[in-house]
Amino acid sequence: MMRTQRVESSSFNALFREALSRWQEEVVQLDLVDPVTTEMVRLRCAEHHDCHT
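Under our numbering, the final residue of the sequence shown carries the number 86; numbering is consecutive throughout.
Calculated directly from the structure, the hints in this document are not laboratory data. Some hints could be false.
[Said to hold, decoys possible] Taking CB as the label site, the calculated pair distances span:
no. : residue 1 : residue 2 : range
1   : Glu72     : Asn46     : 32 to 38 Å
2   : Asn46     : Val66     : 26 to 32 Å
3   : Asp67     : Asn46     : 34 to 40 Å
4   : Pro68     : Ala47     : 34 to 40 Å
5   : Leu76     : Leu53     : 20 to 26 Å
6   : Glu58     : Ala79     : 29 to 35 Å
7   : Asn46     : Thr70     : 29 to 35 Å
8   : Leu48     : Glu72     : 30 to 36 Å
9   : Leu76     : Glu51     : 15 to 21 Å
Glycine included, each C-beta is placed from N, C-alpha and C at the ideal position.
Work out the full structure: start from the sequences and follow the hints.
In structure tokens form, the structure reads like this:
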């Protein structure tokens with residue numbers, strides 16, 4: 034995996050950033066997903082963001 038930034042941050046407009054932020058706030062509050070799926074998503078996101086948690 035390349036460690037370079039995938040999309041220039043300046044290419045996102047403020048409206049998109051606000052919508053994405055609101056959506057993410059709602060998603061993290063969901064509690065109807067089983068623990069295995071939650072862990073799979075967490076690991077996938079860590080890989081995508083090149084974060085080793």
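How the hints compare with the structure:
Between Glu72 and Asn46 the Cβ separation comes to about 33 Å, which falls inside the hinted range of 32 to 38 Å. With their beta carbons about 30 Å apart, Asn46 and Val66 fall inside the hinted range of 26 to 32 Å. Remark: the range hint 34 to 40 Å for Asp67 to Asn46 is upheld by a beta-carbon distance near 36 Å. The hinted range of 34 to 40 Å is satisfied by Pro68 and Ala47, whose Cβ atoms lie roughly 36 Å apart.
In this structure, Leu76 and Leu53 meet the distance hint of 20 to 26 Å, their C-beta atoms being roughly 21 Å apart. The given range of 29 to 35 Å is broken by Glu58 and Ala79, whose C-beta atoms sit roughly 19 Å from each other. Between Asn46 and Thr70 the CB atoms are about 32 Å apart, so this pair conforms to the stated range of 29 to 35 Å. The hinted window of 30 to 36 Å between Leu48 and Glu72 holds, with their beta carbons roughly 33 Å apart.
Between Leu76 and Glu51 the beta carbon distance is about 28 Å. The supplied range of 15 to 21 Å is therefore violated.
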